[in-house]
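Asker: Note that the protein sequences, when read in sequence, are chains A and B. Per this note's numbering: the first sequence = residues 12 to 317. Per this note's numbering: the second sequence = residues 120 to 410.
I should point out that these hints are in silico values taken from the structure, not numbers from a laboratory. Be aware that a few hints might be false.
Quick list of the computed label-pair ranges, beta carbon to beta carbon [stated by the list, open to error]:
no. : chain 1 : residue 1 : chain 2 : residue 2 : range
1   : B       : GLY353    : A       : VAL52     : 16 to 24 Å
2   : A       : GLY177    : B       : PRO300    : 52 to 60 Å
3   : A       : ASP284    : B       : TRP213    : 25 to 33 Å
4   : B       : LYS240    : A       : SER79     : 34 to 42 Å
5   : A       : ASP284    : B       : ARG320    : 52 to 60 Å
6   : B       : LEU269    : A       : TRP29     : 49 to 57 Å
Away from chain A, derived, C-beta distances all over 12 Å, residues of chain B [as the list claims (entries may be wrong)]:
no. : residue
7   : PHE149
8   : ALA171
9   : SER172
10  : ASP181
11  : TYR195
12  : ASN197
13  : ARG201
14  : ASN203
15  : PHE216
16  : ALA265
17  : GLN306
18  : ASP310
19  : ILE321
20  : GLY353
21  : ALA354
22  : MET378
Given the structure is predicted, the values throughout are model-derived calculations rather than measurements. Quick reminder that beta carbons are idealized off the backbone N, C-alpha and C, glycines included.
Chain by chain, the residues run as shown.
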Amino acid sequence: MTASVTARPTAWRSYSNWANRHRKWLFAAPAMIFTGLLIAVPLVWTMYLSLTDAEGSVRAESDFVGFSNYLEVFSDFNRFWPAVGRTFIFTGGALAAELVLGMGIALLLWRPFRGERWVRVAILLPLVATPVAVGMMWRLIFDPNIGFANQLLGWFGIPNQPWLSGTDTALPTLMFVDVWQWTPMVVLILLAGLTSLSDEPDEAARIDGANSWQRFWYVTLPLLRSTVVVAIVLRGIDALKTFDILYATKGKGGGSFHEVETLNVYAYGLSFDYNDYGIASTVLIIFFLLIIVLMWAVTYRRKANR
Amino acid sequence: MTAIVTNPPLSERKGLPPKRRRRRGFYPVFRVVALILIVLLFILPLVWMVIASLKNNVDIYDASKTIIFTPTFENYANVLSRNNYFVFIFNSFWVAFASTILSLILGVPAAYAMSRFTMHKSALVVLLARIIPGVSLLVPWYFIFANLRLVGGFGVLILSHMFVGLPLIVYIMISFFDSLPLELEEQAQVDGLTPIGAFLRITLPLSVPGIATASILAFIFSWNNFMFALVLSGAHTKTLPVAIFNFVSYASIDWGSLMAASVVVTVPIMVIALFTQKYIVSGLTAGATKG
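My request is simple: use the sequences and hints to build the entire structure.
Answerer: Below is the structure:
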C-alpha cells in the first residue's frame with residue numbers, strides 16, 4: 012500500500028518529464044499520423060490500382076497491366092482530354108473572373124463607409140451557403156421554362172437561353188455560379204491584404220501626381236502581390252476540385268453529353284458510377300500530379316519574385 | 120504579421136484623423152450605386168430561393184405570380200414531416216459537431232507544436248489533405264471501411280469529415296499561434312509551470328478566439344460537405360446535402376419542396392454566419408497577409 016502511494020507521484024513525475032521533453036512530437040504526431048494514414052494508404056493503393064485492370068469490385072480478380080492504363084487514358088480523346096480542357100476552362104475562367112471582380116469589390120469596400128457591416132454580411136452569405144443547395148437554387152433560376160433568368164431577359168426583349176440544359180451554355184453558366192459563390196472569398200482575402208498596407212506609399216505617389224489608376228497599378232497591386240498569390244492558391248485548389256455544384260446540377264457524367272465533365276467529375280463517375288477502378292485511379296493520379304505541379308509553379312514564382 | 124486581420128467598422132475607427140481628402144463628384148455616387156448592385160446580386164438569388172420555397176407547385180409555374188402570390192408552408196411541412204428531414208438535420212449536426220471536436224483535439228496541439236518549433240514540413244503533411252482530390256481517397260476508403268463493416272455508420276462519416284476539418288484547424292491555428300507572443304509562456308515557465316502546463320493553463324485560454332474561429336469554419340465545411348457523405352453514408356446516416364441531392368433523382372422535380380429543403384440546409388449556417396461574422400472572416404483570411 013505504502014509503496015504504491017509513494018511510487019505514484021514519482022511515476023507521474025517521470026511521465027511528465029518524458030512528456031515535456033518530447034512535447035514537440037507528442038503534440039504534432041497524432042494529427043500527422045491521422046492524416047498520414049488516411050492519405051498514404053489510399054494513395055499507394057490508388058497507385059497500385061492504376062497499374063491493374065481492376066473493374067467491378069476492388070476485390071475481384073485483377074491483372075497487373077503495367078502502364079497500359081496510362082497509355083489508354085492519354086490516347087482517350089473522347090472523355091479524358093475534353094475533361095482536362097473543361098477543368099482548365101472552368102478553373103481559369105472562374106478564377107480570373109473572381110480575381111478581377113474580387114479586387115474591384117475589395118477596393119470599393121476598402122475605405123470606411125456607413126452601412127459597411129451590412130455589405131459585409133451580404134457578401135458572406137453566398138460563401139457559407141451549402142454548395143449543393145446553391146446548385147439547386149441556380150438550377151431553378153436558370154430553368155429554361157420557369158426560371159427567373161429567362162423572365163429577366165424577357166423584360167429586356169432578349170430571347171430565352173437554354174442555360175444549364177444547353178451543351179455550350181452549361182459550363183459557362185456553372186462558372187457563373189462558382190463566381191457568384193466564391194468571389195466573396197477572394198474579396199475577404201484581398202481586403203485583409205489591403206487593410207494591412209500602410210498608407211505612405213500611396214500618399215507619396217499621390218503627392219507625385221499619380222492618378223488613381225496609376226496608384227493602384229504601380230503602388231497598391233505590387234504591394235499586394237503575396238496576398239494575391241494566396242488568393243490564387245487557395246481558390247485555385249478548390250476550383251480545380253469543384254464537384255458539388257457540377258454533380259448537383261448535371262448529375263452523372265456531367266450531363267448527357269458530358270458537357271460539364273471535369274477531371275474530378277470524370278474520376279468520380281469512373282469510380283462510383285461505372286466501377287472502372289483501374290482507369291479511375293489512373294485519371295486520379297494524373298489529376299493529383301497536375302494539381303501539385305500547378306501549385307508548385309504558382310508558389311515557386313512567388314518565391315522567385317520576392 | 121498579425122494573422123487575424125479584420126477591417127473594423129467605421130464606428131471603431133473614430134480615432135483616425137478626419138479624412139485627408141474629400142472626394143467630390145463622380146466616385147462617391149458610383150461607389151454607392153456599385154455597392155447596392157453588388158449586394159443585390161449576392162442576396163437576390165437567396166431571396167428567390169426563399170420565395171420559391173413558399174409557393175405551391177402551381178404558382179411556381181405561373182409567370183404572373185413571380186412576386187405576388189399566396190405564401191404557403193406546405194413545402195416545409197412536406198419536407199420536414201413526410202421526408203424525415205429532422206433525421207437528416209440531426210445527422211448533419213452530429214457529424215459536423217463530432218468531427219469538429221475530434222479535429223480540435225488533434226489539431227490544436229499539433230498546430231501549437233508546428234508553430235513553436237517551426238515544423239514547416241510536418242505542417243505540409245497535414246495541409247496535403249486540403250490539396251489532394253477527395254475522390255482519389257474515396258475508393259480505397261470505401262473498401263477498407265467496407266471490409267471493417269463500418270460503411271453506413273457514423274464513425275466513417277465523422278472520420279472523413281475530420282479529414283476536411285483538421286487541415287483547416289491546423290492552418291488557422293498555426294497562424295494564430297504565430298501571432299501570439301512567447302513572453303507569457305516563458306514567464307509561466309519561469310514561475311514553475313512545465314512547458315505542457317504553460318500550454319494548457321496560459322496559451323490555451325488565450326487562444327479561445329482562434330479556436331472559436333477554427334471550430335466555426337470546420338463546422339461549416341463539414342455541414343456543407345457533399346462528396347464524402349455521398350459515398351460513405353448509409354440510409355440512416357444520410358446528411359442534408361445528400362438528402363437534397365436525392366430529391367432530384369426521381370423523374371420530375373418538386374421545385375417547391377426542393378427549395379424548402381435547400382432553405383432548411385442553408386439557413387442554420389447563415390444564422391451562425393450572421394452572429395460569428397468576425398470569426399469567419401478572420402479564419403478565411405488567416406495567413407493571407409503574411410507577406
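Asker: Does each hint hold? Answer for all of them.
Answerer: Hints and how they fare:
no.	hint	verdict
1	GLY353/B - VAL52/A: 16 to 24 Å	23 Å, holds
2	GLY177/A - PRO300/B: 52 to 60 Å	57 Å, holds
3	ASP284/A - TRP213/B: 25 to 33 Å	28 Å, holds
4	LYS240/B - SER79/A: 34 to 42 Å	36 Å, holds
5	ASP284/A - ARG320/B: 52 to 60 Å	53 Å, holds
6	LEU269/B - TRP29/A: 49 to 57 Å	34 Å, violated
7	PHE149	9 Å, violated
8	ALA171	6 Å, violated
9	SER172	10 Å, violated
10	ASP181	9 Å, violated
11	TYR195	15 Å, holds
12	ASN197	16 Å, holds
13	ARG201	18 Å, holds
14	ASN203	18 Å, holds
15	PHE216	16 Å, holds
16	ALA265	9 Å, violated
17	GLN306	17 Å, holds
18	ASP310	15 Å, holds
19	ILE321	14 Å, holds
20	GLY353	15 Å, holds
21	ALA354	17 Å, holds
22	MET378	6 Å, violated
Checked against the numbered hints above, the structure violates hints 6, 7, 8, 9, 10, 16 and 22; every other hint is satisfied.
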